[in-house]
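Work out the full structure: start from the sequences and follow the hints.
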Amino acid sequence: MGKTLGSLLEPGDAVLLQGDLGAGKTCFSQGVARGLGVPEDEAVTSPTYTLLNLHQGRAPLLHADLYRLGDTEELEDIGFDDYQDGHHVLLIEWVDRFPELFEEGLWTVIDYGHEENTRNFTFEARGSKALSLLTRLRQALATEGERR
Amino acid sequence: MLILCIETSCDETAAAVVGNGSEILSNIVASQIDVHARFGGVVPEIASRKHLESISQVIEAALREAKVSYDDLDGVAVTRGPGLIGALLVGLSVGKGIACARKLPLIGLHHIEGHILAPLLETDLSFPYLALAVSGGHTHLYRVDGIGSYRTIGRTLDDAAGEAFDKVAKMLGLGYPGGAVIDRLATEGDPEAFVFPRPMLHKKGLDFSFSGIKTAVMYAIRSLEKVDEKSTRDIAASFQAAVVEVLTRKTVRAAMEQGLERIVVAGGVACNRGLRQRFAELAASEGLQIVFPSPALCADNAAMLGVAANAYLEHGRHDGWRLNAVANWSLDQLEPLGGFDPLAGEG
Chain A
243 MGKTLGSLLE
253 PGDAVLLQGD
263 LGAGKTCFSQ
273 GVARGLGVPE
283 DEAVTSPTYT
293 LLNLHQGRAP
303 LLHADLYRLG
313 DTEELEDIGF
323 DDYQDGHHVL
333 LIEWVDRFPE
343 LFEEGLWTVI
353 DYGHEENTRN
363 FTFEARGSKA
373 LSLLTRLRQA
383 LATEGERR
Chain B
29 MLILCIETSC
39 DETAAAVVGN
49 GSEILSNIVA
59 SQIDVHARFG
69 GVVPEIASRK
79 HLESISQVIE
89 AALREAKVSY
99 DDLDGVAVTR
109 GPGLIGALLV
119 GLSVGKGIAC
129 ARKLPLIGLH
139 HIEGHILAPL
149 LETDLSFPYL
159 ALAVSGGHTH
169 LYRVDGIGSY
179 RTIGRTLDDA
189 AGEAFDKVAK
199 MLGLGYPGGA
209 VIDRLATEGD
219 PEAFVFPRPM
229 LHKKGLDFSF
239 SGIKTAVMYA
249 IRSLEKVDEK
259 STRDIAASFQ
269 AAVVEVLTRK
279 TVRAAMEQGL
289 ERIVVAGGVA
299 CNRGLRQRFA
309 ELAASEGLQI
319 VFPSPALCAD
329 NAAMLGVAAN
339 AYLEHGRHDG
349 WRLNAVANWS
359 LDQLEPLGGF
369 DPLAGEG
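The listed protein sequences derive, respectively, from chains A and B.
The numbering used here applies: residue 243 is where the first sequence begins, and numbers increase by one.
The numbering used here applies: residue 29 is where the second sequence begins, and numbers increase by one.
In case anyone wonders, no lab produced these hints; they're calculated from the structure.
There may be inaccurate statements among the hints.
[As the list claims (entries may be wrong)] Listed next, with one range per pair, are the computed distances between beta-carbon atoms:
| id | chain 1 | residue 1 | chain 2 | residue 2 | range |
| --- | --- | --- | --- | --- | --- |
| 1 | B | A311 | A | R361 | 38 to 46 Å |
| 2 | A | D323 | B | Q361 | 23 to 31 Å |
| 3 | A | P341 | B | P225 | 29 to 37 Å |
| 4 | B | E150 | A | R361 | 44 to 52 Å |
| 5 | A | S370 | B | E150 | 56 to 64 Å |
| 6 | B | P323 | A | S370 | 50 to 58 Å |
| 7 | B | V255 | A | R378 | 38 to 46 Å |
| 8 | A | D327 | B | G315 | 50 to 58 Å |
[Stated by the list, open to error] If you want the ones that stay clear, here's a sample from chain A, every Cβ over 12 Å from chain B, calculated:
| id | residue |
| --- | --- |
| 9 | Q326 |
| 10 | E345 |
| 11 | E366 |
All C-beta atoms in this analysis are idealised placements derived from N, C-alpha and C, irrespective of residue type, glycine included.
Have a look at this one:
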């Protein structure tokens, strides 16, 4: 799922991730990064402690994590604004800590499924760019489904 | 040689004065001196990141405690990476300012180089050795052949071990820092009550993965009707046992593969008593020398920079005024210091 989404991303897209501890946000993010063309030999690790990780795929990728942030001012302190430039793809974990910060983007909620080792994904597009991304994702997933 | 060391790569604002690469004259960390007071002993996860507000006080405190003035210094060392650019630049700019004003040589260092050389401030340890750097942001294995000569031989592919400790503590509704709480509860729980995965233990290679173990803990919590005190202790003990087993067995395996008899375990998680105990047992049974820095040198601090800084400056290596911070920087990219140690490069 992450890889498929990653392969569709364009500069300026924002993927906003929400999900409980252990739900698989970082795992999903690794797929997104690979889909965006971040080389396999480059480790895509959790940004919880580093707050921001940068990777280079088809577009520069900012992988951020709001888990440890105390308030929105700190986001400014760490230079987050510098990456909201329309060139970077934003991939943000724990976005529900400060939902008011992100007006537009593809909201992605990962929930534990009823059966063990299954997950439910809920996508919500806010803004025209995210809507276009969600439309492409729906098509890509449908095509993948047909192939199976 | 007296060196002022400055570290601002992540949460801590820290400064130290180190003499001759081995004598710690002072070692000040901001969260110890003011954040405790401001927040009544409860350290918020983030408050100490305000480097700009505390850097001057921290440096002054370091000089005062060392009983030295700027005139006594022979050099300035700063962490130049890896880390948050905004955070690194605070220490780097202040360091440059002091070096420029006092006409002192400036040297920019790698944060992890500081951690894995920290034991040399306290013990005589000869190269080569294996280093496990394990903290909230790192779980890496390095071969250390000498100052400036490092090779990454294993690393986490997702979460660092320290992050797993903090997040599992959060799942169990325990306080922060999670590592210390779990370590304490683990001594009272049954490490075999729950069977958690030992990720990557039986895979070839020396990489780690600690993300999936969080999910396993979450399923264990969900399987219980009620998480009472006993099950909390048991989960803590079982989780710690899993992490400790993976860390210790992979580290010892790495040492064997590399033909190394000495191991350094550094970084914040190196304070974990369960980890120290298991490593001590393995040191005895496998005939290895395993060295832990004292707790103040395990957590992020500035004194740890003194070892490499002293060696580089003694060899006339220093940086120019255009020195910049680097967010992503692999230890493998460093230039070995030729001839510093007779054993350097052996093996």
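Consistency of the hints with the structure:
1. B:A311 / A:R361: 38 to 46 Å: Since the Cβ atoms of A311 of chain B and R361 of chain A sit about 42 Å apart, the hinted range of 38 to 46 Å holds.
2. A:D323 / B:Q361: 23 to 31 Å: Given a distance of about 29 Å, which is inside 23 to 31 Å, the answer is holds.
3. A:P341 / B:P225: 29 to 37 Å: holds (33 Å)
4. B:E150 / A:R361: 44 to 52 Å: holds (47 Å)
5. A:S370 / B:E150: 56 to 64 Å: Given a distance of about 60 Å, which is inside 56 to 64 Å, the answer is holds.
6. B:P323 / A:S370: 50 to 58 Å: holds (53 Å)
7. B:V255 / A:R378: 38 to 46 Å: holds (42 Å)
8. A:D327 / B:G315: 50 to 58 Å: Holds, since D327 of chain A and G315 of chain B (Cβ atoms, about 56 Å apart) stay within the stated range.
9. Q326: holds (15 Å)
10. E345: Non-interface label on E345 of chain A holds, nearest chain B Cβ at 24 Å vs cutoff 12 Å.
11. E366: holds (24 Å)
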